[in-house]
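2 protein chains.
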Amino acid sequence: MSLDQNCVNTIRCLAADVVQNAESGHPGAPMGLAPLGHILWTRIMNFNPADTSWPNRDRYIQSNGHSSVLLYILLHLSGSGCSMDDLQHYRQLLCRTPGHPEAGLLPGVEGLPRVNPHGRYFLAFPPSHDGPLGQGVGNSVGMAIAQAHLAARFNVEHFPVFDHYIYAVCSDGDMMEGISHEAASVAGHLRLNRLVWIYDNNGHTIDGPTSLTYSDDIVARFQSYGWHTQIVEDGDRDLSAIQRALENVRLVPNRPHFISLRTTIGYGSSKAGSEKTHGTPLGEEDLAETKRRLGMDPSHRFVVPNAVREVYASILEKGRTKQAAWQAMLSQYSAQFPDKFRELERLMHNELPPDWEAALPSENPEEKPQGTRKMSGIVLEALFPALSGLIGGSADLAESTGIKRNGSFQNNPVNRLIHFGVREHVMMAICNGISSYRVGLIPFASTFLIFAGYCLPSVRLAALSSLRVLFIFSHDSVGLGGDGPTHQPIEMLETLRSIPKMVVIRPCSLNETVGAYRWALMRPNQPTSFIFSRQNVKYVSETSRDISRGAYILRDTGGNPDIILVGTGSEVPLCVDAARSLEPGLHTRVISAPALNLFDKQPQEYKRSLFPLGVPVLSVEASCCHGWASYSHAHVGVDSFGLSAPGEEVLKFLGFTVDNVVAKAHRLHQWYQTHPVPTLFDEPFGEMRATENIPATTGTCTSVTNPEPAAPMGAGVS
Amino acid sequence: MSLDQNCVNTIRCLAADVVQNAESGHPGAPMGLAPLGHILWTRIMNFNPADTSWPNRDRYIQSNGHSSVLLYILLHLSGSGCSMDDLQHYRQLLCRTPGHPEAGLLPGVEGLPRVNPHGRYFLAFPPSHDGPLGQGVGNSVGMAIAQAHLAARFNVEHFPVFDHYIYAVCSDGDMMEGISHEAASVAGHLRLNRLVWIYDNNGHTIDGPTSLTYSDDIVARFQSYGWHTQIVEDGDRDLSAIQRALENVRLVPNRPHFISLRTTIGYGSSKAGSEKTHGTPLGEEDLAETKRRLGMDPSHRFVVPNAVREVYASILEKGRTKQAAWQAMLSQYSAQFPDKFRELERLMHNELPPDWEAALPSENPEEKPQGTRKMSGIVLEALFPALSGLIGGSADLAESTGIKRNGSFQNNPVNRLIHFGVREHVMMAICNGISSYRVGLIPFASTFLIFAGYCLPSVRLAALSSLRVLFIFSHDSVGLGGDGPTHQPIEMLETLRSIPKMVVIRPCSLNETVGAYRWALMRPNQPTSFIFSRQNVKYVSETSRDISRGAYILRDTGGNPDIILVGTGSEVPLCVDAARSLEPGLHTRVISAPALNLFDKQPQEYKRSLFPLGVPVLSVEASCCHGWASYSHAHVGVDSFGLSAPGEEVLKFLGFTVDNVVAKAHRLHQWYQTHPVPTLFDEPFGEMRATENIPATTGTCTSVTNPEPAAPMGAGVS
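Chains as they are written, first to last, in full-length UniProt numbering: chain A, 1 to 718; chain B, 1 to 718.
Treat the hints with caution; some may be incorrect.
Identical copies go unnamed one by one, so any copy, or any two together, can satisfy a pair.
Straight-line Cα separation of at most 20 Å, SDA-like style, residue types lysine to any residue; simulated pairs [claimed, not checked]:
id, residue 1, residue 2
1, Lys-538, Pro-573
2, Lys-404, Thr-280
3, Lys-607, His-675
4, Lys-607, Pro-678
Source of the hints: derived by calculation from the structure; they are not laboratory data. Quick caveat, the model's predicted, so the values are computed rather than measured.
Taking the hints into account, I'd like the entire structure generated from these sequences.
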């Protein structure tokens, strides 16, 4: 058989071996996609297996993440640092080859350098997790936006600093998920001509033939988005057709590219063309039969013929040469365009400009009441010129989320403001892709807090992938008023706080808003959710610009307090006013807690210095009560849906008034005159957590809020 | 001007009046859609304003929920019970005309009879909340599925019992949201020919002209889904073209219908054609100018000329006649097809068959370990024949979520098993639509728990709309194994439990699974989320079939316990084994807590009978720790992301072992030998909640978990 055929069959058999050996996994798609993988990686893609951080490499995204085995095998063959041992530990404890690609576990898995959740450190390059269907294609649009933006900023005639392509392999599942519509619509509208989606049209999903669930004319659909479309009829055998289609991409500028590739799931297996090959090993017998059919020796496993090794060795050579040429060009560039180059270098090193903090606005003691979303807008507007890496926008709520209309990316990709349209889900996936791109870009995206529910899978993956993305959520409570319960978040704060590693910050003032942005921007491997109000919030003096400990004493009458009021965001002024009314009779303390996730990680002494033993604590937040039992003895919250009325009337109706908070505080204080005050943050558990031997570098920001021993109780990985 | 024009202009001016009067709201789209609304309601739709519960009425859905004013005005004019007073209280406290349509507040707002969250009771007919963009069009597909299914079951030649249409008015936002792709793809695939979407193509979103964000060829897109498409070029003036397009729908069978209607946002206003009319009142001056331009008297508000009243009075007549004819047909039907009729009547009365519980399977004491998802499958399989109203399926995970392949709806709409494809979001929206249809159908839908993140907005709306939908989530923890952290839910349980009115049940046995289904099926106004494991769960004897109190004592060594272990689902057997190992030295109690939301609503005495004062409580659940502080002093949970390895190894690695639980229990017990045991569920707050005067009928199942006074602290509405 031909050398190419030999390579393809080697990949197919390796895929079957890997899954059989693991006794679990997905062999079907990798076997069907072997021809594409081989042609794409050996004939088309520009990358250097020896340096997977080359900024101008082509990007490869396995959006059908369950086909991770194909990616792992191609990384192994091309010498990108996935060993045979890794292939043999697919889906095993602490492996680098999990069921779905994980950011940072392997060089070549588009993943940030990071400590994986279990403390093992791997170098890798721009990331993010693929897996939940549709996320990878969403990320690919973000990477294409990053490429277009940086090309517009830095490319000069004869100096194509950024001219690579982004290839995303996707499946029927990706095509069916709504996010694929949002992603394709954005890419078509923005004419992202470096973006290539290859659709593994194998006609099968888990439940069976796609005819069960699906009769879209997919090619026509992508034409309606303004994409350049091609069809490869025989993706199993016609290698030259695959190559031709991939080469045609270069002939059509100004449009993204969609290639529908007909393949046979589990090609080579006796179960080929059946969903039975999707998610289970072939079984010993069929595995042997498959190898015979493909001309390989059934008596051996994990075999890579030398001829095949040689073919892939040549990639390494080609890649080294390509990158060397690019480096040479870059040094000329640095000589001819020193200013551009300095800026480019800073971005490539992912550094913030030395003086950026000078741009942060200061509070004026005469602040008028305003929505905290306005404060967010003030900070963003101030930072936008100072931080040339900031890029983002909102899902059709530019005004209401405080981001002014600057030059728009769609008019000129050199601009950093993106109008995402009413597409919350892909907006966040795009931001993940931009952050993954890792050339110093810092994506931000804003929408109403209620719509966090529309984009939760992408928000979660930012945390799992340790991506610096600024998720800006406004209209954060029933206080938004007339739009009513369909738009008033109740459970969203708790939902976001419960996501491992996500940090949620709800500022009450311009100071805390500045502190929030400052904290987030300085953490390159950390996503942050910002929570802002629509309604005006009364000015509170002496709030802190340092939110890094999550909570702090805002007001204290001194002495041991009789009662502590703790609030976040728009409810902090309410706590202050309530304290004032309580003070004639009681020693009070007001704690502002903008970031509970960060407070959770503080040492016991700090927690106790805020919340002394034996002092009743009343918390106030216009959100569900869930989660607050860890911090307070009683909570003024909302555990029903809201209602449609002017915001101040809704808040009054639901009990967010000084009178109500004062009454509850008295009730609480009285009750604990005659009853023991339950201990919060019980010591031993703090100690025990401290004794856990977890590398601090894991940077995990868990949502542990109740007093239990962390690690030994299963949070050992936190 | 013509009578029709008079009607149209009346609607336009009323819309402007309503929003101006409220000083907030959305005038632009209602003014632009007035011609469509007028033609559709006076010339096309079959319904009886006097009986909005007529099962064969045409359904009207305002998917662009912010245009609720149009719906309210049409309900007012047609005499469906929306008074002028209601129009004048748009967006005011406890109004029946909120910013976005709310189920059940008004007859004619597709909403269940229910007590609204604030205790005011309104009769209304099948519901659900529209508002978050894309939800209404998703619901409309569910209603069309219900119509097709019931027609296939009950229509007989000359007896078209169900032959109505479903009209959904949608906007650019609906078109951009991913869920519209999922919905259109499903509708096209299932050839739902009674479904009509009218797209308000006004070329504007909140941020400005759609050209900012959007260049899809939308008509071509819908053709790619197999829809029948039409374009109305002048939806502002050409009333006959609108009527023609709506009449053409009847000429094209076997396909859903898409009408692109060109309109001018804020037609009549001096700001017509600008996004400035989208979400703010016109202002007094422009309002007057608009009325002059439209030939109305600027000096009056809320004017409906008598001529217009008469036109709409005729709808009432027409509707009465139509329904009477249908009733006459039905009585003939009952005579000729008594069996069919009995069944139909039972469904229309939304009753379960008297003997249905007999079908519930019993536990066999020799049960082998199996995934609780298998138990769910056993129960569903047993109920499917007994409950002819059960209809649903899964998002391409039929096998792995325990639902066997029966006859599929797509092969014959008489079948009740739907293959939704990889479309979690619209699957849940479709179920909301089916439940909203209110002819005895009980929708169920299943996917992995992690994908609750893909459909959260629809799950939330089921709770907000009080819809009986069975949300079945399997693969509920890190125990799912090899697929890894991208597929292992950590925060999802807490997320679902935090949604007001949602009940989350996580059974540990076949008994509890039976109890869960029994509880959910008997509550017509209550959605339920079922949580099931992928991995095998050891058989535990003596679990209860009654889960209605949320938690119960499963095992007790008698005497006052030294320590209490509480677990849910797959962690209950672990608690039992740990208790066994503790018992030589300690008095132990094991509590199974399948439904914390239900436990929250129990009287203080019951809570105390399970959790006596002074006894340390250790909880165990393979999910995030958030929320557990309300129920226990320490928690064995997971506050990091999981990892890819065989499930049992992952669980072991994260500390879900007898040894670890026993060690933690000892540590906890020792600690509280020398420290006060913090009180859980502190009494006064329980008492105070009990004194709250909230009608039980609200059926609100809040997630209040910490010991605070409910209502006075803002949960008064719960």
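(request) Give the relationship of Lys-607 and His-675 under a CA distance limit of 20 Å: within one copy only, between copies only, both, or neither. (result) between (23 Å within a copy, 18 Å between copies)
(message) Reference check for the pair Lys-538 and Pro-573, CA-CA at most 20 Å: within, between, both, or neither?
(response) within (6 Å within a copy, 52 Å between copies)
(request) Classify it for me, Lys-404 with Thr-280: is the Cα-Cα distance of at most 20 Å met within a copy, between copies, both or neither? (result) between (51 Å within a copy, 18 Å between copies)
(message) As a check of your reading, is Lys-607 near Pro-678 (CA-CA no more than 20 Å) within one copy, between copies, both or neither?
(response) Cα proximity of Lys-607 and Pro-678: in one copy and across copies (15 Å, 17 Å).
Checked against the numbered hints above, the structure violates none of them.
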